[in-house]
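So the protein sequences, as listed, match chains A and B. Adding 3 to a residue's 1-based position in the first sequence gives its number in this note's numbering. Adding 3 to a residue's 1-based position in the second sequence gives its number in this note's numbering.
Rather than coming from a laboratory, the hints here were simulated on the basis of the structure. Each hint should be verified, as a subset may be incorrect.
[As the list claims (entries may be wrong)] One side only, chain A facing chain B, incomplete, derived with CB under 8 Å:
#: 1; residue: 38
#: 2; residue: 165
#: 3; residue: 173
[To be verified] Partner residues are not named here, just some residues of chain A that face chain B (Cβ under 7 Å, in silico):
#: 4; residue: 96
#: 5; residue: 138
#: 6; residue: 161
#: 7; residue: 169
#: 8; residue: 172
#: 9; residue: 174
#: 10; residue: 176
#: 11; residue: 178
#: 12; residue: 179
#: 13; residue: 183
#: 14; residue: 184
#: 15; residue: 246
#: 16; residue: 250
#: 17; residue: 251
#: 18; residue: 252
#: 19; residue: 254
[Claimed, not checked] Calculated pairs, DMTMM-like style, for lysine to aspartate or glutamate (alpha carbon to alpha carbon, straight line, at most 25 Å):
#: 20; chain 1: A; residue 1: 98; chain 2: B; residue 2: 288
#: 21; chain 1: A; residue 1: 98; chain 2: B; residue 2: 254
#: 22; chain 1: B; residue 1: 98; chain 2: B; residue 2: 82
#: 23; chain 1: B; residue 1: 98; chain 2: B; residue 2: 164
#: 24; chain 1: B; residue 1: 98; chain 2: A; residue 2: 254
#: 25; chain 1: A; residue 1: 98; chain 2: A; residue 2: 42
#: 26; chain 1: A; residue 1: 98; chain 2: A; residue 2: 82
#: 27; chain 1: A; residue 1: 98; chain 2: A; residue 2: 109
#: 28; chain 1: B; residue 1: 98; chain 2: B; residue 2: 175
#: 29; chain 1: A; residue 1: 98; chain 2: A; residue 2: 9
#: 30; chain 1: B; residue 1: 98; chain 2: A; residue 2: 288
#: 31; chain 1: B; residue 1: 98; chain 2: B; residue 2: 109
All residues carry an ideal CB built from backbone N, CA and C; glycine is no exception.
Listed here are the chains, written in short residue letters.
2 protein chains.
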Amino acid sequence: MNDALEPVVAGVDLGGTNVRVGLVTAAGSIRAFRSASFDAGRGAGPGLRRIAALVRTCLRAAGDPPLVALGIGATGPLDWCSGRIRNPYTLPGWKDVDVRGPLEAELRVPVRLENDAVAAALGEWWQGAGQGARSMAMVTFGTGIGVAVVRAGEPYRGAGEAHPEAGHFLVDPSGPRCYCGTQGCWEPLAAGPALERLAHESGDPDLAGATAADVARLDHAGHPAARRVVAAASRHAALGLVNVVAAYAPEVIVLGGGAMGAYRRRLDEMRAIVAGSQPYLPPGDTRIVEALLGDHAGVLGAGYAALRPAREVPSS
Amino acid sequence: MNDALEPVVAGVDLGGTNVRVGLVTAAGSIRAFRSASFDAGRGAGPGLRRIAALVRTCLRAAGDPPLVALGIGATGPLDWCSGRIRNPYTLPGWKDVDVRGPLEAELRVPVRLENDAVAAALGEWWQGAGQGARSMAMVTFGTGIGVAVVRAGEPYRGAGEAHPEAGHFLVDPSGPRCYCGTQGCWEPLAAGPALERLAHESGDPDLAGATAADVARLDHAGHPAARRVVAAASRHAALGLVNVVAAYAPEVIVLGGGAMGAYRRRLDEMRAIVAGSQPYLPPGDTRIVEALLGDHAGVLGAGYAALRPAREVPSS
C-alpha cells in the first residue's frame, strides 16, 4: 500500500509544559511526530487549537494520510466518560474543560480522552517493555509519580471510571506532608522533586540548587553526598513498588520518567527490596524493567486508545 | 417449585481451624448451613473427606436437592487455574494440594477453588454490603488482613491469576517486621493480633493477656488504656485504607472480620482519615461500610463463584 494512503490515528501526549503529537498506524508504527512547548496557562481554547494545528502539521509531513481518530493522554484527573478534564492541578485554567467536543468539531474524527499515565502504560504494553504481559503496572517517576495498570490490554479503572492514584500510596508516615493531605505519600518521597529536596537538605555546597539530573550526574561521578541522596530516594521508590506488587501482583512493572536517570543504577537494589517482601508471590513472578519508548510511549498509547475503544464495564 | 427440587450449589469456606458449608440457590438464598471445627493439621485427605461429608449432611437436611457444583474459598494462596492450594502458611500440611480433583471425584460435580478473601468479597457484592457497586474492595481484619477487589462481579487477579496481597501494604517503616519480610506492613499493625500486641505492650494490668474482643469490650466500657490501644490500631487500619483507595479507587469498601468489634466505634474517625487524603477523588466517591453477611459471606461467595464460572482473561 502507498504509505500515504494507510489510515492513521493521532496520539497526543499533553503535559503542563509540553505537548507531543504523533501519527500512529494500526500496526503501531509512528509516521510523524512533533514535540512542542505548551503554555497551559493561556487557556483551553488556544491550547486545543494548538493541538489541532500540530496534528495538521504531522498530517502534511506524512503526506496527508486519512486520519480516522484521535486519542489524547492528558495530565491530571479527568472524566473518562464525558471526555472532560476535571482538575486543574497541572493544567492551570483547565478546570472542567470539554476536550473531546472542540477537537472532534475541529478535526472531524472521534476523540478519546485518557489519563497520561494510562496512555503511557498502554504504549509500553502495546509496543514497549510490557509487550506480551497479561498484567502490567507502569510507574512514572516524573514531577509526580504516575501509576497505571493494564490487564489484557484494558486499563484498570475505579469508581466513576477514574484511574486510581497510586502515586499517593502512603509509605512512611514520618515523611513530608503531600499536597493531597496525607503525611508520607510515595510521591513527595520518590518523584523527581524529592531528589532536589534531599539535595537541598543535605547542605552540601555541590548540591546547592541541584536538579534531579545534576544529582544523578554527581552520583554517577561518585560524589558521596549525591550518592546518599540517590540511595535515600531510590529506597523510597522501592518501598512504593512493594505496594504496587501488594496491590496489583503484576507480571511486570515498567519504570519510566525523568528520575530514572538517577534510579537506573540502583535498580538491582530496588528489585532486592521488592523481592524481600511478598512471600506469597513466588520470586520472579513480578519482573521490574525500564520503559523502552521514552517520549513515544504516551503518543503510542493515546493512539492505541483511539484505535481500540475500551470495553465498557457492564453494569452490575 | 418444590423446594427440594430446586438445584443448589455448595459453598465452602475453609479456614485453618473452622470450615463452613452451605447450600446456595441461584437466587442467593442459603438452604442449609453447617459450621464445624477443622483440624487442617490432620492432612488434606481427611480434610477433603470431612468437607464432602458436611456437604452430604447439608443435602440431607435440605431434602436432597440436586447439587450442580461446588465452590470452595480457602485461606492462603492458591493456584486458581489448577485448583491447587499452593502455600501452607495457614493450612499446615496442605502444600501444593489438589483440592479440586478429589472433591470432584467424591461429589461428581464441578469444583471451583477461590481464595477465601475473594469468596467473602463476592458474597458481600452479590448479597451483602456491596450490592450494586461496580467496584468494591473488601477488607477483612481477622488474624491477618485479607483484601479482595471485585469489579462488575469479577475478582481482580494479578500475575498467574493470583489475587494480590494488599494486607501486606507497607504503611509504616517504623512498624514491626512482618513474616513476609517487610518492616511495617499493614497486617501486623492493624489485624486482630495487633490489638493483642498493643494491649500487652501497654503494660496495663487490666490488659494482661487480653484478646482483641477483651480490648474492644474494655474500650467500650471507657477503659483509658484500652481506648489508647484501639485508637492506635484503628488509626493504622485507616492508613491502610488510604492505600486501598489509592490502589483501587473503589466505589465502596466493605469492612469485615473479628477486629471490627473493636474498630466499629472508630469508623467515623477512620473515614475522616481516608477522606483527608486523595484530593483527586471527589469526597463521597468511596463509601466505607461494614460487612452485612458475617459467617455467610464466604459460603455465598464460594457458591457464586461455582454458579458463574469466571471469565477467563483473554490472552494478549
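Per-residue hint verdict: residue 179 of chain A, partner chain B, C-beta under 7 Å:
violated (14 Å)
Would the stated hint for residue 38 of chain A survive a check requiring a Cβ distance to chain B of less than 8 Å?
Because about 27 Å separates residue 38 of chain A from the closest Cβ in chain B, which is outside the 8 Å limit, the hint is violated.
Go through the hint on residue 254 of chain A and say holds or violated, using the shortest Cβ distance to chain B against 7 Å.
holds (4 Å)
Against chain B, run the beta carbon of residue 138 of chain A and see if the smallest gap drops under 7 Å.
Hint holds; residue 138 of chain A Cβ to chain B Cβ min 5 Å, cut 7 Å.
Satisfaction of hint between residue 288 of chain B and residue 98 of chain A, Cα-Cα up to 25 Å
This hinted pair holds, its Cα atoms lying about 19 Å apart.
Is the hint on residue 174 of chain A kept, meaning its closest Cβ partner in chain B is under 7 Å away?
It holds, given that the least Cβ distance between residue 174 of chain A and chain B is near 6 Å, below 7 Å.
Using Cβ atoms only, decide whether residue 183 of chain A comes closer than 7 Å to chain B, and label the hint accordingly.
holds (5 Å)
Given hint residue 109 of chain B paired with residue 98 of chain B - CA-CA distance at most 25 Å
holds (21 Å)
Check the hint pairing residue 98 of chain A with residue 42 of chain A against an upper bound of 25 Å on the C-alpha distance.
holds (15 Å)
Given pair status - residue 109 of chain A, residue 98 of chain A, alpha carbons within 25 Å:
holds (21 Å)
Is residue 98 of chain A within 25 Å of residue 254 of chain B, Cα to Cα?
Distance of about 23 Å is within 25 Å: holds.
Does residue 176 of chain A pass the interface hint, meaning its C-beta sits closer than 7 Å to a C-beta of chain B?
Constraint on residue 176 of chain A satisfied, holds at 5 Å.
When held up to the earlier numbered hints, the structure conflicts with 1, 4, 11, 12, 28, 29 and fits the remainder.
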